[in-house]
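Asker: Chains as they are written, first to last, in this note's numbering: chain A, 1 to 143; chain B, 1 to 143; chain C, 1 to 143; chain D, 1 to 143.
Hints may be right or wrong, so weigh each one.
Copies of one chain are not kept apart here, so a pair can be met inside one copy or by any two copies together.
To be verified - Keeping only pairs whose Cα atoms sit at most 27 Å apart, straight-line, the calculated DSS-like set for lysine-lysine is:
1. Lys67 with Lys127
2. Lys77 with Lys126
3. Lys117 with Lys77
4. Lys111 with Lys126
5. Lys126 with Lys67
6. Lys77 with Lys127
7. Lys67 with Lys117
8. Lys11 with Lys127
9. Lys11 with Lys126
10. Lys67 with Lys111
11. Lys11 with Lys77
12. Lys117 with Lys11
13. Lys77 with Lys111
It is worth saying that the hints were derived from the structure and are not from the lab.
Number of protein chains: 4
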Amino acid sequence: MTTTYPGYLRKPHYYETDQMGIIHHSNYIRWFEEARVDVLEHLGLSYHAIENAGIIIPVLAVDCQYKNMIRYGDQVKILVSITQYTGTRLDFSYEIRDIATDQLMTTGASKHCFLSKDSGRLLSLKKTHPAFHQIFVDFSESL
Amino acid sequence: MTTTYPGYLRKPHYYETDQMGIIHHSNYIRWFEEARVDVLEHLGLSYHAIENAGIIIPVLAVDCQYKNMIRYGDQVKILVSITQYTGTRLDFSYEIRDIATDQLMTTGASKHCFLSKDSGRLLSLKKTHPAFHQIFVDFSESL
Amino acid sequence: MTTTYPGYLRKPHYYETDQMGIIHHSNYIRWFEEARVDVLEHLGLSYHAIENAGIIIPVLAVDCQYKNMIRYGDQVKILVSITQYTGTRLDFSYEIRDIATDQLMTTGASKHCFLSKDSGRLLSLKKTHPAFHQIFVDFSESL
Amino acid sequence: MTTTYPGYLRKPHYYETDQMGIIHHSNYIRWFEEARVDVLEHLGLSYHAIENAGIIIPVLAVDCQYKNMIRYGDQVKILVSITQYTGTRLDFSYEIRDIATDQLMTTGASKHCFLSKDSGRLLSLKKTHPAFHQIFVDFSESL
Chain A
1 MTTTYPGYLR KPHYYETDQM GIIHHSNYIR WFEEARVDVL EHLGLSYHAI
51 ENAGIIIPVL AVDCQYKNMI RYGDQVKILV SITQYTGTRL DFSYEIRDIA
101 TDQLMTTGAS KHCFLSKDSG RLLSLKKTHP AFHQIFVDFS ESL
Chain B
1 MTTTYPGYLR KPHYYETDQM GIIHHSNYIR WFEEARVDVL EHLGLSYHAI
51 ENAGIIIPVL AVDCQYKNMI RYGDQVKILV SITQYTGTRL DFSYEIRDIA
101 TDQLMTTGAS KHCFLSKDSG RLLSLKKTHP AFHQIFVDFS ESL
Chain C
1 MTTTYPGYLR KPHYYETDQM GIIHHSNYIR WFEEARVDVL EHLGLSYHAI
51 ENAGIIIPVL AVDCQYKNMI RYGDQVKILV SITQYTGTRL DFSYEIRDIA
101 TDQLMTTGAS KHCFLSKDSG RLLSLKKTHP AFHQIFVDFS ESL
Chain D
1 MTTTYPGYLR KPHYYETDQM GIIHHSNYIR WFEEARVDVL EHLGLSYHAI
51 ENAGIIIPVL AVDCQYKNMI RYGDQVKILV SITQYTGTRL DFSYEIRDIA
101 TDQLMTTGAS KHCFLSKDSG RLLSLKKTHP AFHQIFVDFS ESL
């Protein structure tokens, strides 16, 4: 089931353009977040479910490589993979592809950990939230 | 003293441009907030002082009139006035002027009230925070 | 046909929240733009169609009234009306409603004119682009 | 002279916070751009000077590591280094430090090339703009 994640569809907004006539490079970091939220919802892990479980998933690092310029009027699809899941760490990678041509426009990655909302301490999901843990394991293995 | 508020200086950022080659109109609403924070600090009412006093100052309404396009490379000054202060309501108006030419580029306004951070209820500063109240009265009258 | 415009659906993004735990008020101006683009596409006036016709539709003024706070996790619908169309001027109004409760969250408006992309001069669509003119007239009357 | 670049001072804006109560991670990519523009101006290479010379400096890649959370009310300094300059490629690294404590908050990097504004082709500054080339060489060596 989880293997069928179709990617996150996105139309650039006019306010995301810059005077070079392209989407400003900072916006892709925001699109990665949108796609990450979308894939977690697809897995049954909505923001509220995560929050209600007392978990925060902060961003430790991001990177982004701009291969082709994306313009207003283009439509893109953001594919998300889990590249590492250890129970305490969670890493994603992203590919942005043009929907019309399937051309690879942008690649990127983000690194995360799990914190307790109450204590601010690092969580090991395997111990503290085994149901969530299993979802990440299953999705990682399905890819 | 408070009459000498010199205005808030701002250089547009590249990421604030759009593909029309101008500063995107949504950013002025953010600049108004920056200028509002700056004038409050000038009055001795830093965000932390306001927060520590248990006060939240939400935005009830904004408006903005775009008279001349502002471009990357321009430098502007944002002048802030208090147009109404009643003890329970606080209204600002804004003028954005080009520093080189003094040309009026943009006008705007914002309306605010005071809420208790704890209860979420409307505050009358005159009753609950008389020192803050006096600062607003003095600044309003100095204009 | 044009009467059936269903409104523009929008889920707030996490990066649109602020530390008050609500959607920052500047983002609604961007949502109005998204909804405006969407309704124009619904009318057959995509950004590219407008651009290819040599027309620019700048923003002359915006306003926004914040009636209820919108939070991350809410889903909203933005309804768009044309409140004035004269052939040389185009005014929109907006209502943001919560999808779950139909509660009115935000109202707003924007004012626009038509400029020639080449000359930068004001256009009267009735004269220069009668097919576009008719679309605006029909939509205005359908409301 | 160029060795004395003092860093780019920045106060976070309220609209840059998110509901976790910190500066949203996407904004640091924008701050890096601000700091990059600032150091180029410090070197006599204002955006207009670069643009008038027919040069575009696109972003090929960015990365950012979030070491400590930055909050509204903090003041930070962004230090910029050129880590590679080849005449055709230009790489920067960034350190964001808290001004009060000198604590390292964030690190990052960006990679760039030079394009001709007219032809869109890659430029070798050493050949096409030797004065600009020398400025980059001098600044790189001064670090």
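Asker: Confirm or reject each hint.
Answerer: Hint by hint, here is what the structure shows:
Within a single copy, Lys67 and Lys127 get their C-alpha atoms only as close as 40 Å, which misses the 27 Å cut-off; across copies the closest is 25 Å, which meets it. Within a single copy, Lys77 and Lys126 get their C-alpha atoms no closer than 32 Å, and across copies no closer than 39 Å, so neither meets the 27 Å cut-off. Taking the shortest alpha-carbon separations for Lys117 and Lys77, neither the intra-copy value of 32 Å nor the inter-copy value of 29 Å comes in at or below 27 Å. Taking the closest pair of Cα atoms, Lys111 and Lys126 come within 27 Å of each other only inside a single copy of the chain (18 Å); across copies the shortest separation is 38 Å, beyond that limit.
In this homomeric assembly, Lys126 and Lys67 come within 27 Å of each other (Cα to Cα) only across copies, at 25 Å, whereas the closest approach inside a single copy is 37 Å. In this homomeric assembly, Lys77 and Lys127 never come within 27 Å of each other (Cα to Cα): the closest approach is 35 Å inside a single copy and 40 Å across copies. For the homomeric pair Lys67 and Lys117, the shortest alpha-carbon distance between copies (18 Å) is at most 27 Å, but the shortest distance inside one copy (37 Å) is not. Proximity of Lys11 and Lys127 under a CA criterion of 27 Å is satisfied in neither setting, with 40 Å inside one chain copy and 33 Å between copies.
In this assembly of identical chains, the alpha carbons of Lys11 and Lys126 never lie at most 27 Å apart, being 37 Å within a copy and 31 Å across copies at closest. In this assembly of identical chains, Lys67 and Lys111 lie within 27 Å of each other by CA distance both inside one copy and across copies; the values are 21 Å within and 12 Å between. In this assembly of identical chains, Lys11 and Lys77 lie within 27 Å of each other by CA distance both inside one copy and across copies; the values are 9 Å within and 18 Å between. In this homomeric assembly, Lys117 and Lys11 come within 27 Å of each other (Cα to Cα) only across copies, at 24 Å, whereas the closest approach inside a single copy is 33 Å.
Proximity of Lys77 to Lys111 under the C-alpha cut-off of 27 Å is found in both arrangements, the shortest distances being 21 Å within a copy and 25 Å between copies.
The structure fails hints 2, 3, 6, 8, 9 (numbered hints given earlier, in ascending order).
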